[in-house]
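K.L.:
Protein chains in written order, with the working numbering: chain X, 1 to 181; chain L, 1 to 409; chain U, 1 to 357.
It should be emphasised that the hints constitute simulated quantities derived from the structure, not laboratory data.
C-beta: ideal position from N, C-alpha, C; glycine also.
Some clues are possibly wrong.
To be verified - Derived BS3-like pairs (lysine-lysine); straight-line CA-CA distance at most 27 Å:
1. L/Lys210 to L/Lys196
2. U/Lys77 to U/Lys40
3. U/Lys336 to L/Lys212
4. U/Lys337 to L/Lys212
5. L/Lys210 to U/Lys336
6. U/Lys118 to U/Lys303
Claimed, not checked - Rough simulated footprint, nothing fancy, chain L against chain X, three-plus residues with beta-carbon under 8 Å:
7. 14 to 22
8. 69 to 79
9. 85 to 97
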Amino acid sequence: MPDPASQEPQLPALTALLSGQFPGTVRDHHCHRGDETVVIKREALHRVCQFLRDDERCKFEMMIDLTAVDYFEQGRDPRFEVVYHFKSLTHGNRLRLKVQLSEANPRVDSIHDLWDAVDWYERECFDMFGIVFEGHPNLTRLLMYEQFEGHPLRKDYPMDRQQPIVELREVEERYEYGRKF
Amino acid sequence: MDNAPLDIQQHEANLQPTNDFSSSVMAIEIGPSHPAMHGIVRFTTYVDGELIVDMIPEIGYLHRGFEKESENSKWIQVIPYTDRLNYVSPLLNNIGYSMAVEKLYGVEAPRRAEFTRVIMGEISRITDHLTCLGASAMEVGAFTFFLWFIKAREYLWELVEQVTGARLTTNWTRFGGNATDLPDGFLDDLQERLDKVKEVMVECDRLLTKNKIFIDRVKDIGPISKEDALSFGFTGPMLRASGVPYDVRRSDPYSVYDELDFEVPVGTVGDCFDRYLVRMEEVRQSISIIEQASDKMPVGPIMGSERGVHYPDKKEVYGNIEGLIDHFKMVMEGHRPPAGEAYHAVEGGNGEVGFYVVSDGSGDPVRVRLRPPCFNFVEAMPKMTIGHYVADIVPIFGSINMIGGELDR
Amino acid sequence: MDLLIEILSIPLVQAILKIVFVILLFAMPLGTLMTLMERKWSAMIQDRVGPNRANVGNYTGRGLLHIAADGLKSIFKEDTMPEGSDRFLYLIAPFFGLIAGVASFAIIPFASPIGDFKFQVADIEPGLLFIFAITSLSVYGAVLAGASSNSKYALLGGTRASAQMLSYEVFMGLALMGLFMVYGSTRVSEIVDGQNTYWFGSLIPKWGVFTQPLGFVLFFTALVAETKRAPFDAPEGESEIVAGYFLEYSGMRWSAFMLAEYVAVVSVAALTTTLFFGGYHVPWLHLWTSAPEWLVRILQVLKFSVFVVFFCWFQIQLRWTVPKFRFDQTMALGWKKLLPLSLVNTVATAAIILIFV
């Protein structure tokens with residue numbers, strides 16, 4: 001299938017850079033309202049993000065936001081879209097990167113080794129949407145409590161669903177201390 | 001007095017196994033109900049004597065489902081929810097969300113609306129900083145400082161109440177403009193109160209900035225380097241205190257900020273004292289911005305006039321049938337921004353408050369996402385705190401300015 | 001009538017009456033008044049009105065009834081004891097502070113003696129040493145409370161309290177060495193009488209604060225740290241360890257800790273006045289040679305009370321003006337800065353006395 005990026009006469013700079021550097025990975029792109037957006041293939045995520053962070057021509061030092069959108073009501077397949085926002089301080093531009101995931105296999109590589117902030121953002125995304133980030137050291141729920149059932153921000157999670165009652169739990173001590181009081 | 005954090009690996013290597021009373025590690029919950037954990041967060045802290053060797057934060061105590069709720073509302077109904085996000089600077093959230101949806105529409109608010117948004121936004125920023133500085137000073141022990149700042153904050157909240165009708169739940173901006181205009185005599189009242197706030201700032205500055213006890217408590221506490229701050233995604237006063245001059249109003253100017261002249265204070269070390277100084281200076285800069293904006297205030301409408309986007313003026317609504325029909329349709333059916341997605345960032349009290357909105361052309365939002373600035377700060381809390389003493393948790397946490405509504409949404 | 005005078009001249013009866021007088025008419029009333037005055041005077045510098053709502057019918061007394069209201073409220077609260085705490089130590093801990101605070105009034109003279117009758121409960125030879133002994137007793141209160149409540153915050157508070165109080169006692173003694181050298185005695189009444197002499201004829205009284213300025217500062221700092229008041233209230237935490245060593249106490253036991261703290265404030269003020277500000281001697285009153293004795297005594301008691309209230313006010317203002325020290329900074333201040341200073345003070349005083357006097 002011909003690469004849609006290569007057929008456009010004029011590409012925004014970053015999209016051109018990415019499609020040149022990683023041919024065949026750019027699925028879609030747009031620049032709606034001035035926000036440069038690139039949709040890439042799932043397998044290329046880690047390479048692309050590493051390139052974005054390290055290469056001198058883009059140099060995205062900051063990962064601003066990591067979230068997901070559920071297009072269940074629009075009946076779209078792939079259902080989920082994981083959205084990354086980056087900001088470069090040296091060049092001053094922003095980029096939105098998207099990865100599309102289907103409901104049957106909502107797994108994507110974790111990029112927690114590239115930016116420290118990603119740790120909790122991925123946990124929150126997992127908590128809210130059920131998207132599994134492979135390679136994340138501690139993918140547990142963040143905003144919800146551990147015994148919560150379901151993933152709240154999915155469109156098929158009803159607003160008024162009741163959760164089962166949780167038993168009172170003890171805090172586990174990782175270290176034992178010398179004397180019991 | 002050496003405030004530099006200890007080397008934890010070295011220290012842990014020296015720890016004896018259990019049954020030795022001199023060096024055993026104890027788990028303390030600096031727990032959710034604690035006077036210093038405003039906004040509610042829980043830190044499971046592992047201490048050796050008074051030295052912190054590990055810390056695990058736990059958040060989500062104030063999660064109210066802002067994003068889920070906004071998916072089940074109309075676009076305009078989300079604006080009151082945004083008040084409750086960063087509840088010490090609600091107008092900045094209102095402005096951020098409205099500008100994000102205006103970006104989806106591709107419209108801009110009229111000039112007068114933009115200038116009034118700048119004034120109200122900066123007032124909100126001042127109240128945010130006053131609350132943060134006051135609360136953290138109170139926890140360090142300077143209770144009087146807190147009460148003087150609260151007094152100054154009261155002057156400003158009375159102003160906000162004159163314009164929006166409420167001190168905290170302002171619900172003031174609409175898509176393409178604002179709900180209400182500034183009342184008569186507001187700008188003179190504003191100037192008077194700003195002068196009083198300036199006096200309070202001078203007094204409080206004299207009380208704490210050169211006070212040796214205060215400096216000992218906050219100097220070199222909780223430092224974070226530039227690279228770590230960038231990697232953790234810090235924005236706002238925390239990042240500027242570490243030496244990076246990133247301010248959304250300067251790097252991606254929005255509204256009329258490119259016509260106003262102000263400086264962005266930048267620190268060096270990134271410890272709590274730098275953050276305190278950066279916030280104090282930002283208050284002064286905000287006061288100067290407000291004065292400039294009120295000098296340049298243009299005359300004109302506060303709401304655009306495009307059908308389907310802007311609510312018609314009340315004279316039209318009660319005056320002729322087209323206005324009535326427009327208003328009726330807009331209220332009953334809701335706004336319908338065209339399909340697409342937009343991300344708009346404003347400079348909030350804590351940093352970059354980014355709203356990511358996705359629309360599919362029907363009246364229901366597909367996704368409304370707030371990028372919370374203090375999420376990154378609490379994530380970086382272990383990094384800033386490990387190696388310090390238990391008593392240092394309080395100044396560090398106070399300097400973060402964690403607002404529960406923004407962190408947990 | 002004669003029987004009454006005979007009974008009153010028994011020293012034991014006199015001592016008991018004096019104790020009752022001092023405790024019931026000076027220490028306790030001022031202590032409880034300070035609980036309210038703390039809130040009123042702090043409100044004064046914070047641009048607000050303190051508590052003024054407690055009322056009986058329509059009479060509010062501008063907040064004075066809050067003292068009674070607080071006391072009654074504490075009595076009616078539930079008296080908890082945490083599970084796993086050491087019962088005996090938990091129960092006796094609140095009282096050490098009270099005992100120490102009240103007992104330190106024993107050696108404070110209120111007016112000059114009339115004949116053989118001294119306005120002082122016990123005029124013992126080692127008066128100064130008695131002060132040190134009694135203030136060290138108050139350490140037990142904090143430490144036992146912290147150790148016996150089965151709680152980690154209380155443990156942290158108790159540990160901090162013990163370390164802080166022990167280290168500040170060390171140089172409290174040294175700070176008073178200078179005083180001992182200047183006035184030549186450890187008997188408190190002799191120190192007070194020594195402050196009744198004047199320099200340059202009848203111009204400047206030889207108060208402790210003029211003869212030993214550094215000693216005054218050190219002693220006052222040490223006593224403020226002993227009472228664990230700001231800026232030295234790390235054991236009490238309040239934002240880190242949420243009340244520290246008296247965390248698990250409620251109701252009247254907590255009230256006992258609070259009362260002990262305020263009685264200690266009054267006793268600090270009384271000690272400072274006695275040792276450094278001339279005690280009860282009204283300056284330049286000896287110039288009025290024809291003053292009747294009873295008037296002189298009343299003026300002396302008045303002067304003493306005014307100074308005590310002033311120093312209570314000063315401590316309360318100090319608490320609300322300065323931020324708190326972190327605990328290791330408190331210790332560093334005590335050991336590394338104030339202890340050498342007190343040694344320097346002692347040596348310098350000795351040198352000056354040797355050379356000039």
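K.L.:
Taking the hints in turn, state whether each one holds.
P.N.:
Each hint tested on the structure:
1. L/Lys210 to L/Lys196: holds (22 Å)
2. U/Lys77 to U/Lys40: Satisfied, since the Cα-Cα distance of roughly 24 Å is no more than 27 Å.
3. U/Lys336 to L/Lys212: With a Cα-Cα distance of about 16 Å, the restraint between lysine 336 of chain U and lysine 212 of chain L holds, given a limit of 27 Å.
4. U/Lys337 to L/Lys212: holds (14 Å)
5. L/Lys210 to U/Lys336: OK: lysine 210 of chain L and lysine 336 of chain U at ~22 Å, within 27 Å.
6. U/Lys118 to U/Lys303: The given pair, whose Cα atoms are some 17 Å apart, holds under the 27 Å limit.
7. 14 to 22: Not satisfied, violated; 0 residues make the cut.
8. 69 to 79: holds (count 5)
9. 85 to 97: holds (count 5)
Violation of the numbered hints given earlier is confined to hint 7; every other hint is satisfied by the structure.
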